[in-house]
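A.B. asks: The hints should help you fit chain D onto chain P, whose structure is shown.
There are 2 protein chains.
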Amino acid sequence: MADHHTDDNDGGDHEGSLPDERALRTAIGRLRVKPGSDLVLAKRATDGDFGMSKEQALARLTETRARIDVLQQRLYAESRRSVLLVVQAMDAAGKDGTIRNVLTGLNPAGIRVSSFKAPGGPEAQHDYLWRVHQQCPSRGDIAVFNRSHYEDVLVVRVKQFVPEAVWRRRYAHIRHFEQLLGDEGTTVVKVFLHVSKDEQARRFQERLDDPEKRWKFRAGDLDDRALWPEFQSAYQDAINETSTDDAPWYVVPADSNSRRNMAVGEILRATLERLDPQIPEPEAGLDGVKVV
Amino acid sequence: MADHHTDDNDGGDHEGSLPDERALRTAIGRLRVKPGSDLVLAKRATDGDFGMSKEQALARLTETRARIDVLQQRLYAESRRSVLLVVQAMDAAGKDGTIRNVLTGLNPAGIRVSSFKAPGGPEAQHDYLWRVHQQCPSRGDIAVFNRSHYEDVLVVRVKQFVPEAVWRRRYAHIRHFEQLLGDEGTTVVKVFLHVSKDEQARRFQERLDDPEKRWKFRAGDLDDRALWPEFQSAYQDAINETSTDDAPWYVVPADSNSRRNMAVGEILRATLERLDPQIPEPEAGLDGVKVV
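Residue numbers (numbering that gives the first Met the number 0), protein chains in the order written: chain P, 0 to 291; chain D, 0 to 291.
In isolation and in its complexed conformation, chain P is listed as follows:
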């Protein structure tokens, strides 16, 4: 099993030109979870390839990043609105790799990645949104959450850290919190990197078998894997409860790294295109000024 890696398997049936913009936009749009659509996670593909070979997906992401770069510069110059990209997934679905591949090459001055681990110290002494709120983006910035407040209705639910009555009322808190962010100028977009249980096994085994990667593996990773169905249910409910028009969830097939990264790039790009940030007007009275 460990010698098979999805991205090495090119399929070979995707030669030729990229799918047209509109077809791709439609395919990406289908990843969105419409409010009230009653998502069944098991029916969503983990291996979608968007009709692209690995090489085509890489090429498309390169183009997309260049465009995101332009839009990010405008967002930063405009300094009026911001974007929050939430990334959630099961272990080994590729949160770190997605963030690295989609955002590397942008100006780091306008990007802030926050990784949320189990809360400790003062974090644990406040409501669960307290530390998250502090990491929300400044005007002009793109913030990325590697895990997020959603863990408080995911791992916290699955491991029964709080009673059901406590985690269940959190869906409303989260909707209201994200509504606040949206109303005040932060566009929220959320991606769930949807990996299959088999692909997770392959990736775990790869980490274990590669001396360079073994340090990334923790025996505890297998405990979470044993709770796979419980986690999938928790994700399904969380997504259904909190995918709104203003702060939508996208379920992104994540068995192929290249297509996963490409798709997340498309989602971020489309979000920025809709915002259409503008370079600000210069100060008045600067015509003909000579610097001496």
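Heads up, some of the hints might be wrong.
The list makes no distinction among identical chains, and a pair is therefore deemed to hold if it is satisfied within one copy or across any two copies.
Said to hold, decoys possible - List time: in silico SDA-like cross-link candidates among lysine to any residue, alpha-carbon distance up to 20 Å: (1) K212 <-> L285; (2) K116 <-> Q133; (3) K158 <-> V288; (4) K196 <-> V39; (5) K116 <-> C135; (6) K215 <-> V39; (7) K116 <-> Q134; (8) K212 <-> N106; (9) K116 <-> K158; (10) K212 <-> V288; (11) K212 <-> L70; (12) K53 <-> W227; (13) K116 <-> R80.
Hint data in this document are derived by calculation from the structure and do not stem from the laboratory.
C.D. replies: The following block gives chain D in isolation, referenced to the frame of chain P:
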């Protein structure tokens, strides 16, 4: 004046191979301000080219970034120590451009850029190191300060926001603060981007004359320019007072963007090389584990 731009003027006398590593290291080492060396800023070059053409400097920075990327990944994996790069300069010396050019391409998950503007709200209700301390890097991260606590002995002194007795005692606060950071695992390195008054005029004029760039210009920029000698004195004193073996200042010639960026890349790289971060050991007991 506005039609001349240093980086377009290639000199033409630098064809051939790059200066050898050792010569470059020596040249970069000379930018460091040794404690007790009584720096005279006016004697430091603003137009040093390190014996490199623009193209050579760009090529070298590309190499350096690739190496910084490797070292950053190890620092992040090690998750034990951190680096703080402080960037200070007169307006238009290129703080933003340096940060963008040196750090773009690294994994944004391990980089955090903080821009310090005039303090407001709760920031202004605390000591001047309070907000700065909050932005210091987590273990495994590289933090970059675009302006910093040094403004509290620079603009604050020049514009006489506080009496001399107040800003003067801050040098000791800053030395002690940076000592704390160093002792607790954060390596501090500070760069002053040293631009000439003429080059600043050229760059301001360029911003004014280019409709795409004019929004970056503020009439207030000319007020600071009028205080050029006072700012240079304040920089000179601040650097002399706070360049230590553990938290050194480097005075980087900044009239040429490409050589300036190259030099800052070298300084960051050398800092990381000295730290020599290591991939952590894997957990014990993982030999032969099979994922099912």
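A.B. asks: Run through the hints listed earlier and report the numbers of any the structure violates, in increasing order.
C.D. replies: 3, 6 and 12
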